[in-house]
Amino acid sequence: MKSLLKYTLLSCCLFVLFSGFTLPANAVASHQAKNFEMAQIPYAKWGDLAVKIAKDTFPDFEVSDYKYIGREEKSANTTQDQFELILTKNSQKRDVIVSILFNKQSGEVISVNFEEK
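With our numbering as the guide, the letters of the sequence shown map in order to residues 41 to 157.
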């Protein structure tokens with residue numbers, strides 16, 4: 041039985057290797073489109089910063105959940121993005137809100153607020 045399984049697995053591997061097997065073009069295009077969409081998410085940069093701040097503040101905790109709360113225009117030049125992060129360490133859990141205020145034109149961070157719920 042084991043030799044049959046090995047033979048079948050080997051046959052499949054050889055087929056893929058020598059047949060010139062490729063993914064359909066639409067599957068590759070779909071994957072590229074998803075990557076492009078992820079790069080275009082307006083809050084992605086600030087979400088990465090929120091996670092970094094949480095990890096720096098609680099170095100022994102892991103980020104176990106991440107939620108984008110939303111964006112609010114604070115003035116003509118400033119915008120605030122908010123994120124809710126769940127941090128866990130063994131049986132301990134911390135729920136934190138990270139608010140990042142930034143200049144819309146320059147992309148510079150004006151302030152970061154970190155609040156435990």
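Be careful, since some hints might not be right.
List of simulated lysine-lysine pairs, PhoX-like, C-alpha gap at most 20 Å [what the hints assert, rightly or not]: (1) Lys157 / Lys92; (2) Lys129 / Lys92; (3) Lys157 / Lys129; (4) Lys85 / Lys129; (5) Lys95 / Lys133; (6) Lys133 / Lys114; (7) Lys157 / Lys85; (8) Lys85 / Lys144; (9) Lys107 / Lys133; (10) Lys129 / Lys107; (11) Lys144 / Lys114; (12) Lys157 / Lys133; (13) Lys114 / Lys95; (14) Lys114 / Lys92; (15) Lys95 / Lys144; (16) Lys85 / Lys133; (17) Lys107 / Lys157; (18) Lys144 / Lys129.
For the record, the hints were derived by calculation from the structure and aren't laboratory data. On a predicted model such as this, the values are computed, not experimentally measured, just so you know.
- Query: Given the proposed pairing of Lys85 with Lys133, does the C-alpha separation stay at or below 20 Å?
  - Reply: 25 Å, violated
- Task: Please work out if Lys129 and Lys107 have their alpha carbons no farther apart than 20 Å.
- Result: 19 Å, holds
- Message: Just to be careful, I want the Cα atoms of Lys144 and Lys114 compared with a cutoff of 20 Å; is the pair within it?
- Response: 10 Å, holds
- Message: For a C-alpha distance cap of 20 Å, please report whether Lys85 and Lys129 respect it.
- Response: 25 Å, violated
- Is the hinted pair Lys95 and Lys133 satisfied, with a Cα-Cα distance of at most 20 Å? Status holds; Cα separation ~14 Å.
- Task: Would you check the hint for Lys129 and Lys92, treating anything up to 20 Å between C-alpha atoms as holding?
- Result: Judged against 20 Å, a Cα distance of about 16 Å means the pair holds.
- Satisfaction of hint between Lys144 and Lys85, Cα-Cα up to 20 Å: 13 Å, holds
- Item | Proposed proximity, Lys129 with Lys157 (alpha carbon, max 20 Å) | Given pair Lys157, Lys129 holds - Cα atoms ~17 Å apart, limit 20 Å.
- Does Lys95 lie within 20 Å of Lys114 when you go C-alpha to C-alpha? Cα-Cα ~27 Å, so violated.
- Agreement of Lys157 and Lys133 with the hint, judged by alpha carbon distance not exceeding 20 Å: With Cα atoms ~11 Å apart, Lys157 and Lys133 stay inside 20 Å; holds.
- Below or equal to 20 Å on CA atoms is what counts here, so check Lys114 against Lys92. Violated. Lys114 to Lys92 sits at ~24 Å, over the 20 Å cutoff.
- Message: Run the distance test for Lys95 versus Lys144: straight-line Cα separation, threshold 20 Å.
- Response: 25 Å, violated
The structure is inconsistent with the numbered hints 4, 6, 7, 13, 14, 15, 16 and 18, although it conforms to all the rest.
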